[in-house]
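Novice: Residue strings, one per chain:
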Amino acid sequence: MGEVAVKEFWRWKEYNWHDENKDWKGAATITAGVDVGSVSSQAVIMVDGELYAYSNMRTGSDSPDSARKAMNWALENTGMTLDDIHYVVGTGYGRVNVPFANRAITEIACHARGGNYMYGPTVRTILDMGGQDCKAIRCDERGKVTNFLMNDKCAAGTGRGMEVFADLLSVSIEDVGDMSLDVEEEPEPVSSTCVVFAKSEATSLLREGWSKKKVLAAYCSAMAHRVVSLLDRIDVEKDFAITGGIAKNSGVIKRLEDELKIKSLTSKYDTQIAGALGGALFAKSLVEKERKKGA
Amino acid sequence: MKANYGYLDGSGEYFITIDTDLCIECDHHGCVDACPEKLFEIMIDDYDDEVSSIKEDHRKKIKYDCASCKPAGERPPLPCVEACTPGAITHSW
Chain A
1301 MGEVAVKEFW RWKEYNWHDE NKDWKGAATI TAGVDVGSVS SQAVIMVDGE LYAYSNMRTG
1361 SDSPDSARKA MNWALENTGM TLDDIHYVVG TGYGRVNVPF ANRAITEIAC HARGGNYMYG
1421 PTVRTILDMG GQDCKAIRCD ERGKVTNFLM NDKCAAGTGR GMEVFADLLS VSIEDVGDMS
1481 LDVEEEPEPV SSTCVVFAKS EATSLLREGW SKKKVLAAYC SAMAHRVVSL LDRIDVEKDF
1541 AITGGIAKNS GVIKRLEDEL KIKSLTSKYD TQIAGALGGA LFAKSLVEKE RKKGA
Chain B
61 MKANYGYLDG SGEYFITIDT DLCIECDHHG CVDACPEKLF EIMIDDYDDE VSSIKEDHRK
121 KIKYDCASCK PAGERPPLPC VEACTPGAIT HSW
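From first to last, the protein sequence lines are chains A and B. Under our numbering, the very last position in the first sequence is 1595; numbers go up by exactly one each time. Under our numbering, the very last position in the second sequence is 153; numbers go up by exactly one each time.
To be clear, the hints were calculated from the coordinates, so they are not data collected in a lab. Note that beta-carbon positions come from the ideal geometry of N, C-alpha and C, so glycine has one too. A few of these clues could be false.
Distance condition first, Cα-Cα at most 25 Å in a straight line; then the derived DSS-like pairs of lysine-lysine [to be verified]: (1) B:K98 <-> A:K1444; (2) A:K1554 <-> A:K1313; (3) A:K1369 <-> A:K1548; (4) A:K1444 <-> A:K1313; (5) B:K98 <-> A:K1538; (6) B:K120 <-> B:K98; (7) A:K1444 <-> B:K115; (8) B:K98 <-> B:K62; (9) A:K1561 <-> A:K1514.
Beyond 12 Å from chain A on every Cβ pair, some chain B residues (computed) [unchecked claim]: (10) M61; (11) T80; (12) A94; (13) H118; (14) S128; (15) V141.
Under 10 Å between C-beta atoms, here's a sample of chain B residues computed to sit facing chain A [as the list claims (entries may be wrong)]: (16) D81; (17) D108; (18) E110.
Full structure from sequences and hints, please.
Specialist: In structure tokens, the structure reads:
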């Protein structure tokens, strides 16, 4: 019996990185943040408050196992072990299931703190476009949350929704954004209330003869529109930044910026690590606080 | 940060909001003892500050738990709001 190889168009690139030029052995403080999200998990290691290593991978069915794998992958080829890390903060949906974490902190606080590090102290509104929810976060100049709103009722407007569309249209998820911008005229958005309805609407549009690019444009537009309604409720204040996987989708970001009439900040850091980065920064503050108490 | 504890259903929005930036300035957290239903407790928030919060097992039923302090007729001041000297506590209903 022959087997048909199925290409997984939704699958995004998993990777790890570490700074080969940095020597961590003489460091005073080594901290880590582990963000176990609904779709992806990240581990970030900071050495004396500077980014040293990170990993970004898909979350499995077992949160503790995902946390361990993400951390081990971030540690790979660094010569560092978990025992060398002074404090670990767990965050994300699976934050209470990070077996080696010293403390769990909400992903809302961590994204604000991480966003502050990545984009600078001028950022006041952070939109975290995650795997299965979206959070609009307002913060102060220290990255402390002042208000937030989240949608968690449906995958429409989230990374998982985009994965479903990439698979439906057989387009690599990394190409979705650019392809969606390659249309002569902007189509009407598809349904933005439910990813299942949006999928069936997209199937009908394809049958009517719409091109893949046009359908992707309609979905990216729907996603942007849905997020704008969330942001309107929290009142966007400049500077504005976007974190999470969807921040890498140019089709959604361009439409979002056009609708908001605000340009989002860009960063040299990977937008998916914001939560884990915030966790590592919290860990640094906490370990320093503990040392002060002990002194 | 404004922390909202509660829920919304078909009949309305039922939230007790605690402004944690005001709450951390309070040194006695009078709300904890003032509430006849003992809904409040002290927790350490994400920023390592001591703040009041609503106990987890009451968050989905505050409409009923708070009913005794909210008679249908003339409503007296709410004990939790009155005891909160920094003015951090508000009710949405």
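Novice: Next, verify each hint and record whether it holds.
Specialist: The hints, checked one at a time:
Proposed proximity of K98 of chain B and K1444 of chain A is contradicted: the alpha carbons are some 29 Å apart, above 25 Å. With a C-alpha separation of about 22 Å, the suggested pairing of K1554 of chain A with K1313 of chain A holds against the 25 Å cut-off. A threshold of 25 Å between alpha carbons decides the hint, and for K1369 of chain A with K1548 of chain A the separation of about 24 Å falls inside it, so the pair holds. Restraint check for K1444 of chain A and K1313 of chain A: not satisfied, since their Cα atoms lie roughly 31 Å apart, outside the 25 Å limit.
The hinted pair formed by K98 of chain B and K1538 of chain A fails the criterion: a straight-line CA distance of about 41 Å is larger than 25 Å. Distance restraint check for K120 of chain B and K98 of chain B: the Cα-Cα separation of roughly 15 Å lies within the 25 Å cut-off, and the hinted pair is therefore satisfied. Simply put, K1444 of chain A and K115 of chain B have alpha-carbon atoms about 23 Å apart, close enough for the 25 Å limit, and the pair holds. For a cut-off of 25 Å, the pair hint linking K98 of chain B to K62 of chain B stands: about 21 Å separates their Cα positions.
In summary, the hint linking K1561 of chain A to K1514 of chain A is supported, as the alpha carbons are separated by about 23 Å, within the 25 Å threshold. Taking the minimum C-beta to C-beta distance to chain A, about 5 Å, the non-interface status of M61 of chain B is violated against the 12 Å cut. Against the 12 Å criterion, T80 of chain B falls within the reach of chain A, whose nearest CB is about 9 Å from its own CB. At the 12 Å boundary, the C-beta of A94 of chain B stays outside the reach of chain A, the nearest C-beta of that chain being 26 Å off.
Against the 12 Å criterion, H118 of chain B stays outside the reach of chain A, whose nearest CB is about 20 Å from its own CB. Every CB of chain A lies more than 12 Å from the CB of S128 of chain B, the least distance being 31 Å, so the non-interface label holds. For V141 of chain B, the requirement that its beta carbon stay farther than 12 Å from each beta carbon of chain A is met, with the minimum near 21 Å. Residue-level restraint check for D81 of chain B holds (minimum Cβ-Cβ distance to chain A is 8 Å; threshold 10 Å).
Residue-level restraint check for D108 of chain B holds (minimum Cβ-Cβ distance to chain A is 7 Å; threshold 10 Å). At its closest, the beta carbon of E110 of chain B sits 14 Å from a beta carbon of chain A; the interface hint therefore is violated under the 10 Å criterion.
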